[in-house]
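**Student:** For reference, the chains in residue letters:
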Amino acid sequence: MLTLQNITKTFAGMPALTDVNLTVPKGATHALIGSSGSGKTTLLRITLGLIPFDKGYVKINDQALSSFSPVQWADQIGYVPQEGGLFPHINAFQNVSLMAKLRGWDRLKIDARVDELRKLVGLDVPLLGRFPFELSGGQQQRVAIMRAAMMDPEVLLLDEPMAALDPLIRRTLQQELKSIFQRLGKTVLLVTHDLGEAVYLAEQITLLHEGKIIQSGAYRELLRQPADPFVSAFINAQRSLPDASEVA
Amino acid sequence: MRAAPATLAALLIAAGGWPAPLPAAEHIVVGSKAFTEGYVLGEIAAQAIEAATQEPATRKLGMGSTGIVFAALKSGAIDVYSDYTGTLAEAILKRPDLKSADDIRRALAGLGLVMSAPLGFDDSYALAVKESFAAQHELHSISDLKRVESALRAAFSYEFMDRKDGFQGMAASYQLHLAPQNIRRMEHSLTFQAIDDGAVDVIDLYSTDAKIEKSKLRVLKDDHGYFPVYQAVWVARREFTEQQPRAWAALTQLQGAISERAMIDMNAQADIGHVSFAKIAAQFLGAEAPRSQSLKSSILLRTREHLWLVGIALLFSVAVGIPLGLVAVRFHAAGQGILIASALIQTVPSLALLCFLIPLFGVGMRPALAALCMYSLLPVVLNTFTGIRGVDPKHLENARAFGMTRRQVLLRVVLPLASPTILAGIKTATIVSIGTATLAALVGAGGYGAPIVSGLSLNDVPTILTGAIPAALMALIAYGVFELLGWALIPAGLRKQA
Chain A
1 MLTLQNITKT
11 FAGMPALTDV
21 NLTVPKGATH
31 ALIGSSGSGK
41 TTLLRITLGL
51 IPFDKGYVKI
61 NDQALSSFSP
71 VQWADQIGYV
81 PQEGGLFPHI
91 NAFQNVSLMA
101 KLRGWDRLKI
111 DARVDELRKL
121 VGLDVPLLGR
131 FPFELSGGQQ
141 QRVAIMRAAM
151 MDPEVLLLDE
161 PMAALDPLIR
171 RTLQQELKSI
181 FQRLGKTVLL
191 VTHDLGEAVY
201 LAEQITLLHE
211 GKIIQSGAYR
221 ELLRQPADPF
231 VSAFINAQRS
241 LPDASEVA
Chain B
1 MRAAPATLAA
11 LLIAAGGWPA
21 PLPAAEHIVV
31 GSKAFTEGYV
41 LGEIAAQAIE
51 AATQEPATRK
61 LGMGSTGIVF
71 AALKSGAIDV
81 YSDYTGTLAE
91 AILKRPDLKS
101 ADDIRRALAG
111 LGLVMSAPLG
121 FDDSYALAVK
131 ESFAAQHELH
141 SISDLKRVES
151 ALRAAFSYEF
161 MDRKDGFQGM
171 AASYQLHLAP
181 QNIRRMEHSL
191 TFQAIDDGAV
201 DVIDLYSTDA
211 KIEKSKLRVL
221 KDDHGYFPVY
231 QAVWVARREF
241 TEQQPRAWAA
251 LTQLQGAISE
261 RAMIDMNAQA
271 DIGHVSFAKI
281 AAQFLGAEAP
291 RSQSLKSSIL
301 LRTREHLWLV
311 GIALLFSVAV
321 GIPLGLVAVR
331 FHAAGQGILI
341 ASALIQTVPS
351 LALLCFLIPL
361 FGVGMRPALA
371 ALCMYSLLPV
381 VLNTFTGIRG
391 VDPKHLENAR
401 AFGMTRRQVL
411 LRVVLPLASP
421 TILAGIKTAT
431 IVSIGTATLA
441 ALVGAGGYGA
451 PIVSGLSLND
461 VPTILTGAIP
471 AALMALIAYG
481 VFELLGWALI
491 PAGLRKQA
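Chains as they are written, first to last, in the working numbering: chain A, 1 to 248; chain B, 1 to 498.
Hints were generated in silico from the structure; no laboratory data involved.
Hints are supplied without guarantee of correctness; some may be wrong.
[Unchecked claim] In silico EDC-like pairs for lysine to aspartate or glutamate, Cα to Cα no more than 20 Å straight-line:
1. B/221 - B/123
2. B/394 - A/83
3. B/394 - A/160
4. A/26 - A/83
5. A/26 - A/62
6. B/216 - B/123
With the sequences and hints as input, model every part of the structure.
**Tutor:** What follows is the structure, encoded as structure tokens:
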């Protein structure tokens, strides 16, 4: 379970986040959605323990971030950066196993864990020997998820997982991601500006606007009982293309 | 990537393990300036000392300038060299009022230096005309020129035209009136060509110039005694004259023994006949010429010296340049200071830098190494800085998010990603060092520069090429080695992308 409690953050006196509360129950998938400038990237960096915040708590299973060392905290949160964020100078296997190696895992344990994850995300063995630039966007994304899951973290945190992919691959990967999350059984928080992605992948959605949470709930609730006119405006702005009757 | 530190270590050991071609300190060291007469006199001194002591003498011939060779003498890096009374008074003691050899000797004694009696010939400005022209007009002295002044065509060097003790003073002293349109200023070496071609009738030269012979010139007598006399002398450290009395005696035996005629002949043999300095000196001393080194063994020795210079500079630039580059990235203010300082070093002309370094390091390998190390710093510091600053910050943030320590981020992410740029900087430093190291010869450090410097003073292209071609080859080989190092050190994922 991931809990963000009363998180407040200002940059040079300007409020970036105001009293943000968010709970993702164990095993659930939650989407944090907002347009650029909404504060979602700041919240992501706070959750990763990369920047300090003024007030509140970040907790995993009721244990506060402040009681962990940076290294311990990193092992609790598996992070999938935008576009996968693989290190370009090492191959897929080395990317996945880097942190385990730095923690002194032995080779057998590393191999076994990588193989387990490889099957889970559905990546062919030869691809592990390739460098990031030799992998497709979808393959890079899968390797990045393996890397995030390598140390068996409590929570997976994904930043705009689909943003860089072309629409057809998006569709396929979206379906696969959903089943990967189910198979991993992790608590998942994904941060996105894309409502389609959020609705498809997550059970619960939290809409962030100007550093404040506007509404949290299932898509149905946001659609039917918007807490604020902004919710409807945000949803309508992202609805699909006009249908045939609307096109002259 | 795991192979990288091992490869680097092997490289360092290989370079560091190279035997130092530093001469044993106890040998007597003879210096000289980088012009024909300097080399000849230096070789004569060295052979005379060797004959007297039965010990080999170390030659540091062809040093860059009066300033360098004198600094070398004062610091004890050389024991003796030849100079001229006028130069000692004007350029070194800064006392143009000192006219007599005795006055100059007293002033030098105050610096702990000993000056011999004149060697027997003077080297001063002189005017010369073609023998045929002299015969036709019966010219023997400068005063005689008065008779032909209205139609006399002259080519004078820039220095002669501009010096106080040059043309202006001479013309006033002799009441000589040349038509301004008949005086051409030109580069000294070209004035010989001009008089050979019959384009001019009179030129200025040094009284022992080798080309007097070749161009069949008559040197006109300075019958007013206008030109200051530059008498050739030995200048030595007092300690040397006291501790090596036999060597010093051998040199003082040459006092008054080298006539102007003999010196001109020897200069001509070197300049025009391309006879080796060693042979010329041996002939003069009536000894057998020392066995000259074969071209192959001398190139091998030069290669060793050159590799040593470049290798040490390379090690230094890596060991100091990369950490300085890291500091420059980490601390902004210090970083700017480091970058500006290493850039400023590059703007100091190499001869000037060598001059500054001699009081600190003496002459020979040490000041040359110091200068090379300083010059090779900028490419490495700058490329380390640029390479690291060029690493996408998202990788740094991601690395921290994965829980890497600062050290792990540096070693696993930053340095590998910056490695192509850093390696390119080391490559630049190496290739620049190979070129710059040829200047080391000017402070007696040897290397490929030695034949280049002596070849330049003799205007002898083949000799220049025995230094220049191996230097160019070494640069090419270095280029190739760095291509291979790139394969070993740059992570495969970055290499294939490029």
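**Student:** Hints first: check each against the structure and report whether it holds.
**Tutor:** Checked hints:
1. A C-alpha spacing of about 13 Å is found between residue 221 of chain B and residue 123 of chain B, which places the hinted pair at or below 20 Å, so the restraint holds.
2. For the suggested pair residue 394 of chain B and residue 83 of chain A, the alpha carbons sit about 11 Å apart, so the restraint of at most 20 Å is met.
3. A threshold of 20 Å between alpha carbons decides the hint, and for residue 394 of chain B with residue 160 of chain A the separation of about 14 Å falls inside it, so the pair holds.
4. Of the supplied pair hints, the one linking residue 26 of chain A and residue 83 of chain A is violated, its CA atoms being roughly 26 Å apart against a limit of 20 Å.
5. For the given pair, residue 26 of chain A sits about 12 Å from residue 62 of chain A by alpha-carbon distance, which is consistent with the 20 Å threshold.
6. A distance of roughly 19 Å separates the Cα atoms of residue 216 of chain B and residue 123 of chain B; the hinted pair therefore holds under the 20 Å criterion.
Checked against the numbered hints given earlier, this structure breaks only hint 4.
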